[in-house]
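J.: Sequence:
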Amino acid sequence: MYVSNSEGEERALLEEGECPGAEYAATSGDDSSFGNEEKETKRRREIKRLFVGVEESGASRDLLVASWLFLIGSLVFTACVGVQLAVDIRSLPFWMLTISGILFCGGSIFFIRAFAHEAPTEVLYKPKSEKLPPPQLRGTKSRCLQCTDRHCGSNLLIASWLFLLACVPVVVASIAYVVHHDDRLYFWGVLGGSIAFCVASGFFVVASYPEHLGKRNDHLPGLVANAGILDHAQARTHCGSEWLVSNWCFLILTAGWLFTSIFFILVEPSQPDYQFSALEALIYFIASVYFVKGSYVAQAEATAAQFENDKECSSNYNTSGEEGSRSRIITKGSMRPSRNFVTGGVSFTKSVDNDSNTCTLQQPGVPSCQSDDLARGTTNDGSIIHV
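So that you can map any letter, position 228 of the sequence shown is 228 in full-length UniProt numbering, and since no number is skipped, the others follow by simple counting.
No wet-lab data here; the hints were simulated from the structure. Careful: at least some of the hints might be erroneous.
Stated by the list, open to error - Label pairs and their calculated CB-CB ranges:
1. I229 / Q84: 34 to 40 Å
2. H232 / R90: 54 to 60 Å
3. L75 / I252: 21 to 27 Å
4. S91 / V199: 24 to 30 Å
5. V178 / R90: 16 to 22 Å
6. H181 / I229: 31 to 37 Å
7. I195 / A86: 27 to 33 Å
8. H181 / L223: 33 to 39 Å
In this text, a Cβ means the ideal position worked out from N, Cα and C, and glycines have one as well.
When you get a sec, could you build the whole thing from the sequences and use the hints?
T.: This is the structure:
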């Protein structure tokens, strides 16, 4: 059930300071100065009622429930395939499916480890360690350590990789079934679905890396909107990051898996394989719904945390005279390395010179603007900066 927050609820959240970007509005008192990202975060449609009751709402609860459901579904899948493997020990498809079930169980366990914390943003957006190994470990061992830190640096990355590896044996088993039973439409559907799950899992792995996780993507909403799937506002809300898109892909695929299994149950009700497949698909579908909801909450929490971090490099917010727009005054303080961020729907690259204590914002295709220009709310070419 989807419910939109009313304007009164949004205003109450804003006045209490619980809404991301509330500190920005407090400086100007004008809602027109809100960026598109803050508006979309406030007005996004949330899943208010889910299948399993949760005592506390929030990303940590939703994602943890989803992880446990993934584990339950993986155990059911492994048990069903294991029984068939015990009957026919020489069957290659059953061996492949058993390996896949074990990998799914391992990935679910690492998902539980990743989300079993009070603050999921600390796990989802864990920074990569930049400590250098000791001199005696540099060289081949150093490269191995860097590779391990790169691809297995968090529980979330390990879980994503295990889910991707778990989809590969399913493709092999599906090909084996299609070769021996090419007249069965069901096996062709399983093959297509397994390939689609591999692609979605690969996208999920990419979204789990620190440089992509929690970052807004300006290209994905445009691609979705141009394809006619969603309008531009909905695409920015639901496809604003690789993390959200990958979760939606899993939800759509599990829904297709569930409806396909139900269809074949109606066609051939005497086949127990279809019934077990429908049970597994139902569990995975519910888990995917929880994952999508928890990802929205985590995205909102990450946006609020980003606003707090930006205050370390920005100490003043000036209201310019035209239309209540605001310009930043960059002052000396704690400076951080260059990074990309989105404000008001516009992407900027912020670079910091620690020697001169200056902070530069660079918009793609626009001349760079220094702190003095920012204080006046203009760039080098004289255009007004709306932050």
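J.: When the structure is checked against the list of hints, which entries are broken? Sort them ascending.
T.: Violated hints: none; all satisfied.
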